[in-house]
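Asker: Spelled out, the chains give:
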Amino acid sequence: MKRRTVFLALLMLTAMAAFAADKVEITYLHGFTGPDRPFMESLVEKFNSSQTGIVVKTQSQPWGTTWQQLAPLVASGKAPDIVAINEDQVTGFAARGALTELTAADLKNANIAKAKFYGPLWATADYQGKSYGVPVHSVALAMYYNKYLLQKAGILNPPRTREEFLKAATAATVDKNGKHPNDATFDSTNVVTWGTGVVTGWMGGTIAYGVLRQNGADLVDKNLNAAFGDAASIEAVQFLVDLVYKYKVASPNGTEESEIAAFRQGKVAFNFNGVWMLEQYKAQDGLTFGISPVPRLGAKMDAAWGGSSHLTLPKQKAGYDAAKRAAALKFVAWLTQPENNLYWTQAGGLPTQPAVAADKSYESNMVSGLFSGLPNVYATSGYPWVGQVRGAWDAAIEASVLGKKTVTQALTDGVVEANKQIDQARKALQ
Amino acid sequence: MRREQRVNRKAGVNFERSWTPWLYLLPHALFFLGFIIFPLFFGVYISMVRWDPLRDTIPFVGAEHYWELFSKGTPQNEFFWKTLANTLGFVAVSVPLLVGSALGLANLVYKPIRGRNFFRAVFFLPGVLSVSVISILWRWMFANQAGLINVVLTEVLGGTAVAWLTTEGAAWVPIVLGTLWWSVGFNMTIYLAAIGNISRSLYEAAEMDGAGSWAQFTKITVPMLSQTTLFVTVTTVLGSFQLFGQSLLITGGGPTRSTQSVIMYITEEAFGNNQYSSAAAMAFVFGLIMLVFTAVQFWLNARDAKRVRL
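Line order of the protein sequences matches chains R and L.
Every letter in the first sequence is one number past the one before it in my numbering, and letter 84, counting from 1, is 110.
Every letter in the second sequence is one number past the one before it in my numbering, and letter 283, counting from 1, is 320.
Everything labelled a hint here was simulated from the structure, so no lab data went into it.
Virtual Cβ for every residue (Gly too), placed ideally from N, Cα, C.
Keep in mind that a hint or two might mislead.
Stated by the list, open to error - Example chain L residues on the side facing chain R (calculated, C-beta under 8 angstroms, incomplete):
hint, residue
1, Pro76
2, Asp89
3, Gln182
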């Protein structure tokens, strides 16, 4: 009796081991550690239960930890099979050789169609003509508008152009005597409601980046050197500075936080922030507001800042199992297909592809007000020194908005600083 | 034979098993070598090469990253010294406040006043919070428009609002006050313990000689606490030099890097710019500067302590 039990147990163990050996086990590291984590975990569970030959093990940790650990992990041949990497980091890792290219053949075999995604979003993880990641998560800068204040100011639709925006912001800026900035007796020290806000810090640089792109400029040129000192860039930043000092439709000394507070309190008509603010604003009692793409404040095209996470396959040690790579690509394809992206967007992200944005379930969802802008969302990506460029750019925006330097001076200084840092970063990459 | 053993025992050394003491030292030595000595030398190595674990070959660059700190025109030269000056300014303002008010508070709550345990607990309590919590609190209070301080300034006192977080200089106020509120209780507790060790007879004698409470405080309490003050000052200076979280979370180092601390800049260089070697070089230079400060403080206080004893 006893012997038989032991025998049976051994048989079962052997069977289980054989069963497990048949399965390809792959690891997936991501940074969705907030309220979005259960959504990602349930997607992975769903994938695992739909597969007989693949098991995906997830590991989640704060993004910053991954940025610090990925290089040593790759160097020691212990990198996870799949890593989600954000838009501002992905080019750096690609350039440093931490990631493997997703070749046309890879994508074709895994049935991943690049053309189905929003173009600029896909291109975020491209470097030197090669693809390194598939977009799994997307966010964008949005314009929130206070419907009540706009109605009071006689504005019926959210502005789409610079002229409309200025007109609406001027009409919504009201001092305690009911005067607007275009009235001679307007008192800018006693304003009851402001039109908009111009902020400093990372958010300030992020908003300004969108206007810069709208002017047809970019933070770097085709040689990937800092290039935000040209006329188009200066014009874009000058417009934002003018909102405060010339048009007087934005409160001076705005910070991202003070503008959020003012918008929640109904004291400012327009607020520019990420789509992630939507739930907070929805929860605000007495605030009736809408969300729309950032209007065309620049001269040439529609554009706004976007952030994203991309599924990448890190470089592995020699002799890496080809079955693992195939399994990883299969999982990447599955996780980014429309049905699963639709489920994922419930956690607060935006659709990564038009097919998802067109889903009926969005018809009654306020966030769809932003969808017409999704094809024109651009990340700060494509150069391995995003940190250096953004640091100098954000500092230049801050110096301009606070009036420490003229816009031209601030941007010229910023370009010089960024290019010095880029030179050093280039040396480190050689 | 027996006598020899006794002698040996007296000397405390067993010559037959001379490796025994090494065994006792081994656990600590292993950790010390593994977690202090090795990282230290590895850090020196990183600072003298162009380090990136992903590179196939890691080029040796000698003192290049140290040289960048001292050659005009490099970003490192500009920002390292600027942020170091910011940090020194913070140390110069916050340390006297943190030591002085800790001593003052300890002196107050040592006295048998009503509710002194309550006050001791209240002053110590903020210290249990994390830096993120206190930073968010103080950032809210000093927010440019709807912050508590500005609401009081404008609506209660009828004055004008101050753009605390975006004005150079003013941006230090929430950082310094927040730090003071957060960490004064720790120093106060150390002082409280030390005050308890001062013999009451000294005060009784002074009282009989007609010394008032101020004279007792300056002539007995303060000198008797000089060793404690040395300890408190050194730890507070070292702690203040490590300023990071408060600047990062209250002002983000702004406006225009005016509240960025040197640790913040080193972190930016390492993990924002991926310049690990340059950041390692800065960390060593900064560490040396801290070492000098600590040595000077020990020397000054040792001299003072000697003078008190005479």
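Asker: Now, for every hint given, state plainly whether the structure supports it.
Answerer: Consistency of the hints with the structure:
At its closest, the beta carbon of Pro76 of chain L sits 14 angstroms from a beta carbon of chain R; the interface hint therefore is violated under the 8 angstroms criterion. Because the beta carbon of Asp89 of chain L sits about 6 angstroms from the nearest beta carbon in chain R, less than 8 angstroms, this interface hint is met. Taking 8 angstroms as the C-beta cut-off, the interface hint given for Gln182 of chain L holds, the closest approach to chain R being about 4 angstroms.
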